[in-house]
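A.B. asks: Turn these sequences into a full structure, and let the hints guide you.
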Amino acid sequence: FLINEYLLMRGYKLTSITFADENEDQDFEDWDDVGLNTAKPAELLQIYRVGITQRDTVTTCDNQTQTEDQITSVDEILEGELDVLETENIFQTDLKTESRSVAVQCEDRLEIGGGAGGSGGGGGSIVTANHSDLSGSFEEINRTEFTGDGVTTKECEVSREELPNLDIRGDEGNRDLEVTSMSGDLEMMIEVEEDSVASSISSHPFVDGSPSMSAHLPDLTDLSNFDRELWTHLPQLKSGMVSVSYEMLVQTLGSTIISMVHHLPISNREWISKIVPILVCLVGLHPDEKVRDSLIHCLFNMKKRPSQEDRNVILAGIIRLCHVCSEELVQGELLSQCWDLLGHKYPERRMLVAQTCALVSPIISSELRDSLLISILKQLLEDRDESVRTQSVTSLAVVASYMTGKYPQVEELTLCAIQDKSELVVKAAETLLLPVVARWALQQKCLHSSLVPVVLQALNLLIAKDEKESRSCWMVNCITRLLPHIVMFAATSPTVLDAISPNIPPPQHRTGFAEVCKGLANPVLFYNDHPVGIVIGAFDFCLQQLTPWPQLAWIIDSLIPKCLDVIDKVDPKKEELIMTFVKFFSSFTAGFGTIFTTQHVKSIFLDRLEILEKALIKMDKTWPPLSIIPVYILGVLAPLQCCEEELGQCVGRLVIMLGLCSAPLQTLHITVKKLATISRLSNTLLSALWQGVVHQRGAVRCTTAELLMDTVPHCSEQIISTRIIPALVTLASDPDVSVRVSTLPVYSLILESSSNKEVLDKTYLQVQTIIRDTSVTEKASTLPHVITSISRMASVVDSSFRDEVLLVELDHITKFSFDLDNQSKKSEIAAALVDTLSNIIFLQISKQCLNSTLLPTLRLLETFCHEVLPSHQDTVSAMIKEVETRVGAPSTSIQSKVSGLPLSSSNVEDMKQKVTKIFSTPISKPTNLTNLQQMFWKK
Numbered sequence: 004f005l006i007n008e009y010l011l012m013r014g015y016k017l018t019s020i021t022f023a024d025e026n027e028d029q030d031f032e033d034w035d036d037v038g039l040n041t042a043k044p045a046e047l048l049q050i051y052r053v054g055i056t057q058r059d060t061v062t063t064c065d066n067q068t069q070t071e072d073q074i075t076s077v078d079e080i081l082e083g084e085l086d087v088l089e090t091e092n093i094f095q096t097d098l099k100t101e102s103r104s105v106a107v108q109c110e111d112r113l114e115i116g117g118g119a120g121g122s123g124g125g126g127g128s129i130v131t132a133n134h135s136d137l138s139g140s141f142e143e144i145n146r147t148e149f150t151g152d153g154v155t156t157k158e159c160e161v162s163r164e165e166l167p168n169l170d171i172r173g174d175e176g177n178r179d180l181e182v183t184s185m186s187g188d189l190e191m192m193i194e195v196e197e198d199s200v201a202s203s204i205s206s207h208p209f210v211d212g213s214p215s216m217s218a219h220l221p222d223l224t225d226l227s228n229f230d231r232e233l234w235t236h237l238p239q240l241k242s243g244m245v246s247v248s249y250e251m252l253v254q255t256l257g258s259t260i261i262s263m264v265h266h267l268p269i270s271n272r273e274w275i276s277k278i279v280p281i282l283v284c285l286v287g288l289h290p291d292e293k294v295r296d297s298l299i300h301c302l303f304n305m306k307k308r309p310s311q312e313d314r315n316v317i318l319a320g321i322i323r324l325c326h327v328c329s330e331e332l333v334q335g336e337l338l339s340q341c342w343d344l345l346g347h348k349y350p351e352r353r354m355l356v357a358q359t360c361a362l363v364s365p366i367i368s369s370e371l372r373d374s375l376l377i378s379i380l381k382q383l384l385e386d387r388d389e390s391v392r393t394q395s396v397t398s399l400a401v402v403a404s405y406m407t408g409k410y411p412q413v414e415e416l417t418l419c420a421i422q423d424k425s426e427l428v429v430k431a432a433e434t435l436l437l438p439v440v441a442r443w444a445l446q447q448k449c450l451h452s453s454l455v456p457v458v459l460q461a462l463n464l465l466i467a468k469d470e471k472e473s474r475s476c477w478m479v480n481c482i483t484r485l486l487p488h489i490v491m492f493a494a495t496s497p498t499v500l501d502a503i504s505p506n507i508p509p510p511q512h513r514t515g516f517a518e519v520c521k522g523l524a525n526p527v528l529f530y531n532d533h534p535v536g537i538v539i540g541a542f543d544f545c546l547q548q549l550t551p552w553p554q555l556a557w558i559i560d561s562l563i564p565k566c567l568d569v570i571d572k573v574d575p576k577k578e579e580l581i582m583t584f585v586k587f588f589s590s591f592t593a594g595f596g597t598i599f600t601t602q603h604v605k606s607i608f609l610d611r612l613e614i615l616e617k618a619l620i621k622m623d624k625t626w627p628p629l630s631i632i633p634v635y636i637l638g639v640l641a642p643l644q645c646c647e648e649e650l651g652q653c654v655g656r657l658v659i660m661l662g663l664c665s666a667p668l669q670t671l672h673i674t675v676k677k678l679a680t681i682s683r684l685s686n687t688l689l690s691a692l693w694q695g696v697v698h699q700r701g702a703v704r705c706t707t708a709e710l711l712m713d714t715v716p717h718c719s720e721q722i723i724s725t726r727i728i729p730a731l732v733t734l735a736s737d738p739d740v741s742v743r744v745s746t747l748p749v750y751s752l753i754l755e756s757s758s759n760k761e762v763l764d765k766t767y768l769q770v771q772t773i774i775r776d777t778s779v780t781e782k783a784s785t786l787p788h789v790i791t792s793i794s795r796m797a798s799v800v801d802s803s804f805r806d807e808v809l810l811v812e813l814d815h816i817t818k819f820s821f822d823l824d825n826q827s828k829k830s831e832i833a834a835a836l837v838d839t840l841s842n843i844i845f846l847q848i849s850k851q852c853l854n855s856t857l858l859p860t861l862r863l864l865e866t867f868c869h870e871v872l873p874s875h876q877d878t879v880s881a882m883i884k885e886v887e888t889r890v891g892a893p894s895t896s897i898q899s900k901v902s903g904l905p906l907s908s909s910n911v912e913d914m915k916q917k918v919t920k921i922f923s924t925p926i927s928k929p930t931n932l933t934n935l936q937q938m939f940w941k942k
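If you want the working numbering, it's the position in the sequence shown, counting the first as 1, plus 3.
Where hints are given, some of them may not hold.
[Said to hold, decoys possible] Below, in silico cross-link-like pairs of lysine to aspartate or glutamate (EDC-like), each with a Cα-Cα straight-line distance of 16 Å or less:
| no. | residue 1 | residue 2 |
| --- | --- | --- |
| 1 | Lys277 | Asp313 |
| 2 | Lys471 | Glu578 |
| 3 | Lys430 | Glu389 |
| 4 | Lys818 | Glu870 |
[Said to hold, decoys possible] Using C-beta positions, here's what the derived DEER-type ranges look like:
| no. | residue 1 | residue 2 | range |
| --- | --- | --- | --- |
| 5 | Glu518 | Lys424 | 22 to 28 Å |
| 6 | Gln699 | Thr514 | 38 to 44 Å |
| 7 | Glu807 | Lys424 | 55 to 61 Å |
Note that these hints are calculated values from the structure, not bench results. A virtual CB, placed ideally from N, CA and C, is assigned to each residue, including glycine.
C.D. replies: This is the structure in structure tokens:
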């Protein structure tokens with residue numbers, strides 16, 4: 004950037020353009036892109052001058068120092084002006100001569116001049132020159148020329164008009180340059196004198212009223228010409244300090260601290276912790292609004308990308324500033340800086356703004372909270388960076404907890420937050436913002452009329468748009484987070500509170516509800532009027548003794564039906580979303596208790612199930628919504644131990660109904676899979692499925708066999724041997740071929756999961772019986788299912804069973820399928836065979852079985868695919884080559900014959916060994932062949 008600036012300033016525009024094009028990593032029009040975390044520098048010449056002046060500053064320290072580098076640096080500066088000063092010295096000599104002649108002519112002042120000359124005649128060999136950089140430019144530097152006889156001083160001219168204004172008090176911050184004559188050598192020393200920081204300003208002689216040093220200095224207007232001439236040989240001093248006071252300290256620091264900050268190693272966190280208190284004090288004490296604004300700007304922009312630790316230090320300073328400053332300053336100067344940083348390109352700066360809003364919210368007035376802070380956070384909620392949005396949600400929760408007005412606006416922002424596309428933002432809104440707003444709504448008595456209906460409506464629209472399933476799940480979790488507030492809304496009604504008395508029995512145990520009542524959603528935290536346990540006990544008492552009061556009626560007549568309407572729109576294939584609704588109703592029933600669930604919730608669900616059954620009986624073109632099935636069984640009945648019998652009856656009735664209608668079984672699969680994991684309900688579930696096993700309709704028995712697959716992975720060995728195997732034996736002996744085939748996938752799962760020898764023996768026997776049944780293997784409609792089942796169990800069965808049973812039956816199926824007339828069915832069977840055999844050929848198979856069974860099957864399948872499935876012919880040919888390689892037989896595939904390139908397995912093996920040897924064996928003797936094993940090593 005500096006090089007480019009130099010080229011532009013000197014007129015090298017084409018060169019600067021070329022230079023900018025060759026350095027694409029930096030934007031030369033944006034100084035902030037340089038990354039130095041300093042203010043934009045001035046012109047290059049000014050930078051050079053400042054660098055020269057700062058060279059002395061760098062060499063200073065707490066004690067006197069003297070180095071060869073410092074001597075060389077000062078000596079070079081002195082020599083640079085030697086020629087100019089020689090000319091000036093001649094003029095000075097003439098001026099001195101003229102002054103002496105005037106002094107001789109003034110006899111009346113000769114005596115005074117002699118006295119002054121006596122006092123000033125003690126000229127030593129040390130001449131002091133003051134080098135000050137207060138004005139930012141170079142000051143004239145005094146010279147001393149040493150001769151063999153003495154010292155002749157050469158210095159810049161000081162006009163007589165400037166003599167009355169001469170001030171030699173000097174600034175304590177200036178550096179004194181002392182030039183000392185020692186044995187004809189020139190020795191330069193740079194002294195830095197500092198006052199002790201521990202000394203109090205009030206004890207300083209300038210402050211306690213003692214006369215200043217300037218009071219003892221002579222008034223030049225009263226001096227003789229001789230004295231004036233003598234004083235002209237002293238350096239001209241300028242003082243930037245008008246007075247020494249607290250006000251001057253504040254003004255001086257205010258004008259210099261910002262430039263100092265830009266040159267400090269702010270990347271070191273220790274420096275930030277030292278600078279921030281100074282900035283805070285200056286902002287609180289400085290009278291100039293513009294300077295305060297600059298100081299606050301420096302506080303917020305101290306680092307380009309402040310980390311969380313850096314932001315903590317800055318935020319501590321901001322909070323302290325809010326405590327000590329007026330509200331006008333906070334509003335007009337501090338928060339205006341937050342507004343200016345809203346569009347900053349670095350997210351760390353915008354996060355600093357969001358955190359500032361949260362921390363200042365309890366300090367500032369309610370008007371500022373309701374207007375300015377909400378406006379800032381509203382804009383940050385639309386930020387492109389998810390970390391900024393997450394922090395703004397957290398800050399909004401804090402700000403909202405102190406607000407008393409503008410609830411609709413905060414509710415709208417909450418709705419935007421829970422619909423965000425980022426999981427982090429939604430999680431922050433769910434755990435922090437939503438409980439705060441729900442508590443506010445509960446206090447404002449608008450939970451049932453505003454917040455809950457709005458969130459349900461948003462969820463309804465989200466599901467209707469078929470958005471990403473995870474976003475809908477996040478929204479349901481947000482509604483689940485509102486359940487403690489909904490329960491307290493019904494339990495803190497006047498009807499319940501009036502019923503509180505010492506005779507109220509303790510509340511029923513609510514298993515599982517504690518998982519929802521975490522953090523800010525804990526009723527003990529957001530409700531303080533009465534003990535929560537007493538309120539819930541009175542609520543249970545009123546449920547048994549009284550009719551529903553208005554708050555409870557809203558839950559029965561509005562909330563639950565609206566939730567079921569939303570569930571009806573859920574696609575049964577979205578298992579994750581359905582299970583989220585199951586969790587919601589599990590928490591719902593746990594929170595309201597068994598009494599409310601049995602009295603009201605079950606009846607609402609049963610009415611919906613009755614409508615579902617009627618719709619299934621009508622057999623319309625479209626299936627009715629089935630997602631309510633797992634929600635009712637798993638979310639309402641399963642948590643209640645008193646409803647186990649009712650649960651079994653409901654499952655059995657639904658298995659029969661859906662089996663008869665051939666309806667989609669996704670919801671039943673979800674239900675059975677989850678019930679199988681609950682050991683308490685295993686026997687209840689299998690008893691319900693037994694109703695399907697013994698049902699007179701084959702479709703119901705097939706449905707039951709499919710559902711048994713969901714139970715096997717979660718059942719114990721005892722249940723498998725005592726409950727599942729008898730059911731499978733019954734189904735495997737069914738006269739319906741489809742029913743017998745439907746048991747094969749279940750047997751595959753048993754072979755994978757069971758280690759009981761008795762169970763495995765029964766399984767092998769049943770599988771062999773089924774797949775060797777010609778009525779099964781010669782029925783085209785069942786063959787794809789048989790082939791798929793064989794593929795699944797081939798990797799888990801014994802090798803002898805695989806060689807003697809499975810591969811033999813696959814060969815039989817291939818031969819049978821070759822003669823089928825239905826081309827579409829032949830293509831389906833061929834695809835299933837290719838997929839199955841491609842997995843089997845890599846298993847452990849005896850050579851005899853490879854030669855006698857598998858290889859002939861593959862050759863027949865190749866011909867089969869050549870006719871009905873040409874796209875799979877290459878795959879079959881590759882499998883044939885693989886098997887022939889393993890058994891050492893010559894290649895006989897169709898492609899080999901067509902290409903005319905007989906591929907011998909021995910030749911392939913020889914070539915493979917040669918290539919492997921080339922790549923693996925290092926060459927130890929000189930050869931023309933490169934050592935391929937090491938050719939890619941980095942040198």
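A.B. asks: Each of the hints needs a verdict: does it hold here or not?
C.D. replies: Verification of the supplied hints:
1. Lys277 to Asp313: Measuring from Cα to Cα gives roughly 12 Å; hence the hint holds.
2. Lys471 to Glu578: holds, 13 Å
3. Lys430 to Glu389: Holds, at about 12 Å.
4. Lys818 to Glu870: Holds - the C-alpha atoms of Glu870 and Lys818 are around 14 Å apart, at most 16 Å.
5. Glu518 to Lys424: 22 to 28 Å: The hint (22 to 28 Å, Cβ to Cβ) holds, given that Glu518 and Lys424 are roughly 26 Å apart.
6. Gln699 to Thr514: 38 to 44 Å: holds, 40 Å
7. Glu807 to Lys424: 55 to 61 Å: holds, 57 Å
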